[in-house]
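Now for the letters of each chain:
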Amino acid sequence: MTSADPRRIAIAGNPNSGKTTIWNALTGSAGRVGNYPGVTVERLEAVMTTESGEELNVVDVPGCYSLTARSAEEEVAHDVVTGRLGGSRPGIVVAVVDASNLARNLYLALQLMELGEPVVVALSMVDVAAELGIRIDVDRLTRELGVPVVPVVGTKGEGIAELRRAIDRARSNGERPGRSFRMGPEDEARIDRVRAALGGTSSDGEAIFWLTSDVGRETIGDDALREVDEAFGRRVILARYAAVDGICNAASDDRARAAETRTDRVDRVLTHPLWGGLVFVALMATIFQAVFWWAQPMIEVVERAVDLAAGGVRAVVSPGPLRDLLTDGVLAGVGNILVFLPQILMLELAMAVLEDTGYMSRAAYLMDRVMSPVGLQGKAFIPLMSAFACAIPGIMAARTVEGKKDRLVTILVAPLMSCSARLPVYTLVVAAVFSTSPPVAGVLSVGGLVIASMYLLGIAAAIAVAFVLKKTLLRSGRPALVMELPSYKRPGGSIVWRRLWRRARDFTTQTGSVILALSILLWALLAFPRGGLAPQALARRTDRIEQTSSTARIRAARLEDLADEDRAAHLSRSFAGRIGHAIEPLIRPLGFDWRIGIGLVASFAAREVLVSTLGQVYAVGESVDERSLGLRRALLRDVDPRTGRPRFTPLVGISLMVFFVLACQCLSTVAVVRRETNSIRWPVFMVLYMNTLAWIASFVVFQAGRLAGLG
Amino acid sequence: MLANAARTACPALANLDCGRAAVVEEVAQTGPLGDRLLEMGLTPGAPVEVVRRAPFGDPMQVRVRGYLLAIRRAQAEQVLVRPRRLR
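Those sequence lines, one after another, are chains A and B.
Remember, the working numbering sits 7 above the position in the first sequence when you count from 1.
Remember, the working numbering sits 1 above the position in the second sequence when you count from 1.
Simulated from the structure, these hints should not be mistaken for laboratory data.
The model shown is predicted, which means the values in this text are computed figures rather than measured ones.
In this text, a Cβ means the ideal position worked out from N, Cα and C, and glycines have one as well.
One or more of the hints may lead you astray.
To be clear about the criterion: a stretch of chain B counts as covered by chain A if any three or more of its residues have a C-beta under 8 angstroms from a C-beta of chain A, and this derived list gives those stretches [as the list claims (entries may be wrong)]:
#1 32 to 44
#2 52 to 62
#3 70 to 78
Generate the whole structure from the sequences, applying the supplied hints.
Structure (structure tokens):
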């Protein structure tokens with residue numbers, strides 16, 4: 008075992024124990040965030056100054072109930088405290104213990120003490136405990152535990168200075184705590200043997216870890232040590248809890264405990280079978296509203312800022328590839344990153360408040376039964392719902408889903424929810440081919456029905472895919488649910504803000520770089536090789552327009568048309584155009600020609616790009632949106648020279664929409680999945696399965712429609 | 002429906018009436034999940050009470066060692082309890 012680093016301090020505690028508040032009070036900074044390699048548990052480090060003025064590196068131990076390594080959090084927690092992960096072994100541990108929930112919190116504190124490094128207990132929530140009528144004798148608790156105990160009210164900063172002093176004292180006298188319980192002679196002999204095998208400096212905690220965790224048992228090697236029965240681990244838990252009960256009985260008195268707490272009263276409404284459900288629906292509707300619509304003004308600000316910047320570049324840089332790279336590649340890429348921030352932050356704000364108040368686990372509790380037929384847990388509901396606004400915040404929110412496989416399933420199906428970027432595409436198609444259809448049953452517009460069925464198709468596909476994944480690739484039983492419902496509390500403003508700030512920084516730097524690179528690549532595909540109409544032809548036709556136009560306005564309009572035609576010719580010959588032509592045989596069975604093919608290629612930057620790209624391909628001017636009449640007319644005017652019938656029929660429109668519902672066409676989503684799953688395999692799998700599904704579905708729709716004589 | 006469920010000598014936590022005080026007798030679940038239930042404080046002798054059940058009766062909200070725990074019926078069936086005598 009490596010020796011401990013005296014300048015490194017770990018802060019550990021149960022989830023909801025007030026650890027974050029104490030962390031913030033001690034370090035006073037947001038700290039550096041990262042991920043531990045191979046796992047998605049957040050890694051957090053910062054610097055704190057002790058009362059004696061020394062600077063220590065503080066490392067956050069993920070909130071956990073035990074160090075036995077049964078979940079990703081627990082394993083990371085154990086490895087951080089023992090220095091197996093994230094650098095050297097911390098020379099001192101602050102165990103945050105929630106006074107209002109003493110027994111279960113002390114259980115972890117005892118485990119931390121068993122590891123042998125100096126421990127200081129920060130007794131948090133003493134105000135809450137007092138309110139509940141729980142009396143704790145701190146001196147007695149200190150004696151019983153044998154380590155310093157400092158009562159702290161983190162939100163008011165009470166006890167923080169004393170905690171710093173206690174850390175200083177513990178570091179200078181270096182008293183090493185130990186195990187608080189004894190076991191039978193055979194078990195004691197086992198522990199001694201493993202300690203000896205691990206080396207002189209190892210602790211009881213280490214020995215017990217090796218004896219009880221799968222990781223440990225596999226590594227021990229010595230066959231004699233491997234004969235531990237499963238019951239050993241259970242005997243350890245019971246012995247440790249017996250010690251906890253002894254300490255609690257001696258040092259705390261909850262006979263005056265209030266019969267009904269505020270949490271109980273709130274829960275009577277919020278987890279009520281009927282009222283709880285209604286409140287949940289109302290809350291979700293509000294969050295969805297916030298992510299879908301309230302973020303809109305901020306998105307527009309971002310878009311306008313990017314436009315302004317592009318205008319500035321155009322004013323300064325002369326026309327040419329460099330200018331195009333800057334405006335259409337770099338700035339468009341930066342815009343593609345920033346444009347997601349309002350929605351991400353809106354959702355993150357909602358998640359942070361829900362989690363910090365304690366409501367999140369109630370939401371999971373309420374939705375558990377609804378999600379379980381699909382094989383998912385209640386916590387998967389919120390990420391999936393927010394994916395209707397945008398898959399990216401949804402995928403990031405899937406971090407709250409427990410269990411690696413369930414989290415992956417949630418991530419992989421989230422992009423099937425029709426996000427707001429698909430809406431312009433649906434709107435364009437519906438406006439182009441269904442605007443003249445008579446309403447169904449006199450009142451329902453066909454367009455509205457078509458768009459609604461696209462949303463339903465996405466939901467159905469997500470359910471089906473989740474179901475199949477849970478039965479095959481990501482097979483895992485219906486996960487167990489054993490989840491704490493923490494006491495309700497007021498959300499901490501600084502905790503929420505820090506979380507938002509971290510999320511924004513994390514997304515712009517780590518995912519943003521990938522999005523930027525891909526945006527530039529896509530720009531290059533659309534921009535090169537350069538050239539449109541043949542130069543002589545262009546010059547000749549320009550001359551003719553100059554000479555024959557009767558008024559300046561007509562001339563300008565005709566020149567504009569010519570420029571559009573030039574752009575269309577260029578697009579057709581660009582790499583993207585060549586890809587469009589190349590994939591035409593592949594998409595022909597879906598009813599798409601090479602022009603839609605270019606649109607499909609371009610929409611990999613972001614789906615709504617389809618609309619402006621089709622505008623360019625169909626040569627109707629550069630700035631079109633889904634409502635513009637020009638593009639709709641152009642789509643309808645475009646007739647197949649062989650049959651003389653319009654190419655863009657309602658059937659092609661439906662086929663195109665179905666493709667957009669199911670296809671994975673968003674590079675930003677791929678980048679986020681790459682980052683969140685920490686693998687190349689899963690984003691590749693997602694792109695493949697979604698696009699295959701999209702192709703098959705469009706094929707079926709188009710071919711069946713043709714057989715049925717539609718289009 | 003749940004109230005009428007068959008009562009053995011040691012009923013499961015899953016079948017306990019809401020508000021009925023009981024004490025954990027044994028965690029029948031083996032393996033890591035059983036350890037998890039114990040580590041969350043459902044140790045033999047710990048007082049336990051079903052607070053309420055979610056819509057459709059699953060999962061349920063349980064009070065143990067002074068805090069609230071959400072637990073699925075499947076897991077609660079593995080926790081055997083001894084109801085306290087009604088006064």
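Of the hints given before, which are not true for this structure? none
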